[in-house]
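These protein sequence lines map, in sequence, to chains D and S.
According to the working numbering, the first sequence holds residues 2 to 328 in order.
According to the working numbering, the second sequence holds residues 2 to 328 in order.
What the hints contain is simulated information worked out from the structure, not anything from laboratory work.
Do not take every clue at face value.
As the list claims (entries may be wrong) - Straight-line Cα separation of at most 20 Å, EDC-like style, residue types lysine to aspartate or glutamate; simulated pairs:
#1 S/Lys84 - S/Glu258
#2 S/Lys302 - D/Glu283
#3 D/Lys302 - S/Glu283
#4 S/Lys208 - S/Glu245
#5 S/Lys84 - S/Glu54
#6 S/Lys264 - S/Asp254
There are 2 protein chains.
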Amino acid sequence: MVAKNPSLSDLAADLRAGQRRALARAITLIESERADHRAQAQTLIAALGTNKEALRIGLSGTPGVGKSTFIESFGLMLTQMGKRVAVLAVDPSSTRSGGSILGDKTRMEQLSRDPNAFIRPSPSQAHLGGVARRTRETIALCEAAGFDIVLIETVGVGQSETMVSQMVDVFALLLAPAGGDELQGVKRGIMEIADLVFVNKADGALKSQATRTCADYAGALRLMRKRTQDPDGFPKAMTMSALETLGLAAAWDTIFELAAWRKDTGVWQSTRQTQARHWFHEEVRQQLLQRLTRDPALHDKVTRLENAVANGDLSPSDAASQALADV
Amino acid sequence: MVAKNPSLSDLAADLRAGQRRALARAITLIESERADHRAQAQTLIAALGTNKEALRIGLSGTPGVGKSTFIESFGLMLTQMGKRVAVLAVDPSSTRSGGSILGDKTRMEQLSRDPNAFIRPSPSQAHLGGVARRTRETIALCEAAGFDIVLIETVGVGQSETMVSQMVDVFALLLAPAGGDELQGVKRGIMEIADLVFVNKADGALKSQATRTCADYAGALRLMRKRTQDPDGFPKAMTMSALETLGLAAAWDTIFELAAWRKDTGVWQSTRQTQARHWFHEEVRQQLLQRLTRDPALHDKVTRLENAVANGDLSPSDAASQALADV
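Throw the hints in and build the complete structure from the sequences for me.
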């Protein structure tokens with residue numbers, strides 16, 4: 002199919018050769034909502050196929066925990082090891098537009114200039130389903146472009162973590178030292194999906210506090226059920242200082258150890274298959290729902306029925322039957 | 002609509018009069034998978050309307066924590082207070098059939114003979130979507146039959162907790178005393194939805210251990226983010242002994258206090274509305290997916306596409322488009 006479209010064919014070849022500009026263009030195509038762009042994007046992705054070798058790491062952390070500093074230091078360490086690193090930002094609540102590119106590149110200044118790194122900010126998009134598809138497809142493009150590590154960054158304040166955890170091989174949570182009972186408002190669901198908790202800023206005056214915070218989270222992780230598909234000692238909490246680049250190598254070793262264990266035991270492969278099935282069903286659901294919402298008359302009807310259910314005038318089952326009667 | 006069907010009309014009247022036999026018959030109608038029964042069930046539910054007064058309590062606990070003893074003691078205390086109590090069991094993994102009725106009634110012997118109580122075991126059904134609908138509709142029937150409290154019991158080992166949490170006003174987790182690091186394998190997600198943690202068996206030799214377990218969970222609950230829609234001190238952990246009927250009154254007072262606070266602040270009403278909207282969308286999704294799976298040819302196609310996605314031969318988006326091409 003790509004052969005029929007010379008520009009797509011060139012794009013695929015340039016992208017496979019690892020050209021960052023081609024990758025950026027392909028992602029822009031994926032992010033477009035124009036129907037013809039969507040068709041081209043699907044053709045491109047199908048032509049590129051899947052590359053199962055890249056390590057996909059999810060990283061969550063609320064603003065202020067030092068996420069940019071961490072990604073900058075961690076990414077540079079990896080590129081110095083000869084790895085090619087792609088960084089994708091996922092923020093469904095973001096209303097940032099063009100300015101965000103500058104923003105993301107400014108906050109990771111050195112990494113953005115590294116020829117072995119590629120940084121892509123989050124597009125402004127309100128719809129979580131759309132963000133999921135765009136992120137998944139962008140990961141596939143980065144893998145086709147030969148990146149060894151794809152780091153997907155989220156803001157740690159919503160459902161985006163659960164979504165990202167369904168796309169990655171390893172999920173890490175970055176925290177700042179905190180004291181007292183209520184540790185910096187970590188969403189309960191995030192603790193549930195984290196393979197690793199990194200307590201950042203273990204430097205200067207905060208060092209001892211970081212150690213205590215780390216112990217608290219290690220306790221909380223132990224208290225919860227250990228996943229049967231984890232090696233001994235995981236999920237794990239560690240301290241680090243992205244600013245002083247302390248603990249970054251240990252963090253990488255730990256991620257690598259977990260990934261290697263999962264590959265050896267087949268957990269890696271089975272998780273990816275489960276994730277793919279999940280996204281297939283999610284896509285079916287999204288595309289079906291789109292049919293309901295694209296038609297304005299149908300959309301009004303669904304809204305009316307939803308309100309009737311909320312007010313207790315109709316049962317969910319009854320309302321759903323009515324909503325789908327003409328579909 | 003009910004008027005057109007004399008037997009349904011009688012059933013509705015008997016049910017509204019609080020007759021337990023009519024309630025049991027109506028639930029059997031709801032559980033049936035026959036299309037004509039389904040239509041009758043929908044008509045009945047629409048005719049009965051919704052009663053927003055009953056307090057819906059979710060109760061989760063793994064086998065061995067003393068759930069039956071708790072429900073028996075707690076239920077009898079409530080009926081002695083003049084309340085009418087319905088107990089529903091939700092266990093999507095259950096393969097129990099007719100025998101379970103005897104089982105559930107045996108394990109709550111006194112309560113099952115109490116004229117102000119109604120116990121309904123889980124039907125054997127593999128499909129979570131089906132269990133959700135059946136449970137929701139059974140709750141509506143119990144409310145129409147004038148029950149003051151509907152207690153929905155789950156086994157604490159799967160996705161059924163999340164489902165039940167979307168149907169109830171208050172969610173409680175029952176635990177047994179435990180020691181050491183890994184406290185009895187509580188699923189991480191359950192801690193996330195629990196309003197209350199009851200550490201049972203705080204009697205005899207286990208008493209001091211129960212106190213320690215309670216403190217551990219209180220710490221874990223505090224460590225996680227406090228929901229903004231909670232009064233001070235919630236989520237809360239408490240000890241009790243269902244066997245010695247100690248702490249049951251305190252448990253009820255605490256549930257009542259939380260429910261009253263939520264009613265006063267409007268959280269109750271807004272939560273129920275959000276839940277209703279959720280179930281409407283879930284029903285739309287289920288009914289759409291049923292169309293895909295009911296047709297054998299279509300079902301085969303979807304399975305083939307899903308496997309292609311799992312093997313990396315197709316992207317989820319592409320496969321979903323193909324699956325829906327003929328729908």
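Hint consistency between S/Lys264 and S/Asp254 [alpha-carbon to alpha-carbon, up to 20 Å]: With Cα atoms ~15 Å apart, S/Lys264 and S/Asp254 stay inside 20 Å; holds.
Given hint S/Glu245 paired with S/Lys208 - CA-CA distance at most 20 Å: Holds - the C-alpha atoms of S/Glu245 and S/Lys208 are around 12 Å apart, at most 20 Å.
Satisfaction of hint between S/Glu258 and S/Lys84, Cα-Cα up to 20 Å: holds (17 Å)
Hint consistency between S/Lys84 and S/Glu54 [alpha-carbon to alpha-carbon, up to 20 Å]: Roughly 13 Å separates the two Cα atoms, so the pair holds.
Satisfaction of hint between D/Glu283 and S/Lys302, Cα-Cα up to 20 Å: holds (17 Å)
20 Å limit on alpha-carbon distance, applied to hinted pair D/Lys302 and S/Glu283: Status holds; Cα separation ~17 Å.
Violated hints: none; the structure is consistent with every hint.
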